[in-house]
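Colleague: Quick mapping for you: the protein sequence lines, in order, are chains A and B.
Residue 1 is where the first sequence starts when you use my numbering, and the numbers rise one by one after that.
Residue 334 is where the second sequence starts when you use my numbering, and the numbers rise one by one after that.
FYI, nobody ran anything at the bench for these hints, they're computed from the structure.
Please read all numbers here as calculations on a predicted model, not as lab measurements.
A few of these clues could be false.
Below, simulated DMTMM-like cross-link-like pairs (lysine to aspartate or glutamate); rule was C-alpha separation at most 25 Å, straight line [claimed, not checked]: (1) B/Lys573 / A/Glu255; (2) A/Lys212 / A/Glu265; (3) A/Lys271 / A/Asp231; (4) B/Lys692 / B/Asp532; (5) A/Lys104 / B/Glu655; (6) A/Lys51 / A/Asp116; (7) B/Lys446 / B/Asp350; (8) B/Lys730 / A/Glu253; (9) B/Lys751 / B/Asp350; (10) A/Lys271 / A/Glu243; (11) B/Lys336 / B/Asp371; (12) A/Lys104 / B/Glu643; (13) A/Lys230 / A/Glu255; (14) A/Lys212 / B/Glu643; (15) A/Lys212 / A/Asp226; (16) A/Lys104 / B/Asp515; (17) A/Lys104 / B/Asp371; (18) A/Lys212 / B/Asp350; (19) A/Lys212 / B/Glu722; (20) A/Lys220 / B/Glu569; (21) A/Lys212 / B/Asp721; (22) A/Lys166 / A/Glu200; (23) A/Lys212 / B/Glu655; (24) A/Lys242 / B/Asp532.
If you want a taste of the chain B side facing chain A, the calculated C-beta under 10 Å gives, among others [to be verified]: (25) Met334; (26) Thr338; (27) Phe604; (28) His648; (29) Ala653; (30) Ala656; (31) Asp678.
Where a beta carbon is used, it is the ideal one built from N, C-alpha and C, also for glycine.
As a plain string of letters, each chain reads:
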Amino acid sequence: MIESIDHNSSQLNDAGQLKHFLTTQELPVNILNEILDTANSFLDMSSQQVKKVPLLRGKTVVNLFFEPSTRTSSTFELAATRLSADVLNLNISTSSASKGESLKDTLMTLEAMHADMFVVRHPDSGAAHFIANQVTPNIAVINAGDGRHAHPTQAMLDMLTIKRCKGQFEGLVVAIVGDILHSRVARSQIHALRTLGVAEIRVIAPNTLLPKDIEMMGVKVFTNFDQGIKDCDVVGMLRLQKERMNSALLPSESEFFKLYGLNSERLKLAKPDAIVMHPGPINRGVEIESAVADGPQSTILQQVTNGIAVRMAVMSMAITGQLNAGQSQQTSV
Amino acid sequence: MIKITNGRLVDPANQIDSISDLYIENSQVTAIGEPPIDANITQTIDATGLVICPGLIDLCAHLREPGFTQKASIASETAAAAAAGITTLVCPPTTSPIIDNTAVAELIQDRAKAAAKANVLPIGALTLELKGQKLAPMAALKQSGCVAFSNNRCTISDSQALLRCLEYAATHDFLVIFNPQDNNLVANGVMHEGATSSDMGLVGIPESAETIEVARALILVEHSGVRAHFSQLSCERSIKLIGIARANGLNVSADVAMHHLFFTDENTRGFNSMFHVQPPLRSQLDRAGLLNALVTNGIQAICSDHQPHEAAAKHAPFAATEAGMSTLETLLPLGLQLVEQGLIDLSQLIEKLTCAPAKILGIKAGSLAVGATADITIFDPHAQWLVDESSLVSAGKNSVFIGSELKGKVMHTLLAGKRVYSAS
């Protein structure tokens, strides 16, 4: 009777090209691969003398951050700059933006400045979908993290890291460890990993940090880290927010580290060539031991480099997708 | 004298379902079938092909006045009720100020009388300011027209305080209505906790938030001997708990909001804020359980749980929007879909919308016997209409059916024998 919204109808144009990047959920595998391939080509470029390409020349990208972030916003800024776009950074604390209409008003004001792309981070799940539905056609929306829902560019930079380290996704066993409940990264990783066809996805956490019925997302649940990490190819750690200790989810940081922290001993249970990822910023001694974070199996710094390339890729793809969507609209009129 | 002729008269309170004429004079039903001897018919309503039934009684409709008139008013929502074939609206105490004093109860009824489109029966607060601490002046509120008492969704977490409330209400044989919800378990949840909420990254409201309150309430209802009704249940397990209590001889009743019979948590995919309601839309299994209870009479009545909102209240990311749907005018059309699906027959539907809620409230209404007040709805069960912002009379346009065609159109509504609505 009432159809629920198909994610792809909101992020792909009629030709099946990316026009917004809101979630990795239900995106076809060819789009995910296109993002990875495009990002790969930008990675080669970033080691050259001239790091800029003119793909977004004359375009205005607005970084719209309703939640504090330094890393994500700066890598987006750098990515947009390398694509020759003009960048406007707006940090709006949600306390001053008293929800509802004010978000819409903010968008309308920015649209009047003829922005071409919004990069959005917002504490509410679904905020990027809301904004994509609100903006006038031909403005691309890139989700830079919405509540607990999705952080698709982070997930794709992790996919790029896996691909560059492992060569392929087939046959891999990937574990995601820590605060799954509050993690938009974990959700986006799970959707992307499923589409890209890894052999097994595991989530490892205590029951208080596991969302209900998470198995329905196609993952194996482990509450014991030592069992869950066994023979993994990829160990993806998640950041644990300190405030979780105050909300009866965990007794203490030290108990968490003891049971769910990644140390060198535990890492030995994974495959010898396993890689360790972390979206950063890391809490040393809470979710990961320094020796591991700085060790040979850690890909944490590669992830940052890959993040710029992935963001360049989705930005250039979305601008192209918007352009083509606009043209097909004009020709159909 | 008004004659309503040639319609299918469905009056479950009197086990009538036949083509019969109905005669009305001085706000009362004066005859059924044959005209009274000295009939002086001044007006005839041709109801050929239409259904004539008692005016619908809605056990829960938020009218937003006083306090939230940016959303709706008593005038706007009673007009919507008339257009929906609803002649009696029961409104919860969550106005501002709260219905915990006689002045507010009287103000609401005065405004309803001035609007003269539907009867409005307020529910008084069980505790002052709904804070769950001090008793509201129930006897005075009852005198001022409150039909029952409830703390709405404001959990009375102190069980002793709750027991005292129930004992006091039992002393005077007042009806207590539970909207069972443990707010500590709700926390900042915005939808049913399950695979869908986990996937969407929205904070879930566990089923236990409702069932724990149902269980506690049932124990204290038995302890106190109070007359109790459970409203807007959303979980299959709540129905089971109430079923067990009823089997053990506890006289409690239950209703469900119409939208819980049609939608589940799956509908919130895509973050459509129109599906943000409380209690939340639950699982497919819960919906099946509610439908089953409707058929087996584990649920006696259906309400609208109408919650009109201004556009801005729904215009934000899902979690930042206000909960509730505008549902008065879709109540009957959706009910008719249950009939069309063969779940219940028309007479059972009308019963759950008329005499069953009247019986729960203990009011004289929901019947078209000779001598009864002529609150009457006449509708075309087959006529289609387009739900859109202009066709909805309610000030709340927050309906998930905007843009859809629904079958079942109210043609005339009579309140105490006076026409308060006629389809154009």
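Colleague: Can the restraint linking A/Lys104 and B/Asp371 be considered satisfied, given a maximum Cα separation of 25 Å?
Modeller: It is violated: about 66 Å lies between the C-alpha atoms, which goes past 25 Å.
Colleague: Could you grab the alpha-carbon distance between A/Lys212 and B/Glu643 and see if it respects the 25 Å cut-off?
Modeller: 33 Å, violated
Colleague: May I ask you to test the interface hint for B/Ala656 with respect to chain A, counting a Cβ-Cβ separation under 10 Å as satisfied?
Modeller: 14 Å, violated
Colleague: Compare the distance between the alpha carbons of A/Lys212 and B/Glu722 with 25 Å, and conclude whether the hinted pair is satisfied.
Modeller: 38 Å, violated
Colleague: For the pair supplied as a hint, B/Lys751 and B/Asp350, confirm whether the alpha-carbon distance does not exceed 25 Å.
Modeller: 23 Å, holds
Colleague: When you check the alpha-carbon spacing of B/Lys336 and B/Asp371, does it fall within 25 Å?
Modeller: With Cα atoms ~13 Å apart, B/Lys336 and B/Asp371 stay inside 25 Å; holds.
Colleague: A closest beta-carbon separation below 10 Å is what the hint needs, so does B/Thr338 meet it against chain A?
Modeller: 35 Å, violated
Colleague: Return the status of the interface hint for B/Phe604: holds when the least beta-carbon distance to chain A is below 10 Å, violated otherwise.
Modeller: 3 Å, holds
Colleague: Between A/Lys212 and A/Asp226, does the CA-CA distance stay at or below 25 Å?
Modeller: 22 Å, holds
Colleague: Check whether the Cα positions of B/Lys573 and A/Glu255 lie no farther apart than 25 Å.
Modeller: Roughly 40 Å between the alpha carbons, so the hint for B/Lys573 and A/Glu255 is violated.
Colleague: Any CB of chain A closer than 10 Å to the CB of B/Asp678?
Modeller: Cβ of B/Asp678 sits 21 Å from chain A, so the hint is violated.
Colleague: A/Lys271 and A/Glu243: Cα distance at most 25 Å?
Modeller: With Cα atoms ~33 Å apart, A/Lys271 and A/Glu243 exceed 25 Å; violated.
Hint compliance for this structure: hints 1, 2, 4, 7, 8, 10, 14, 16, 17, 18, 19, 20, 21, 25, 26, 30, 31 are broken, all remaining hints hold.
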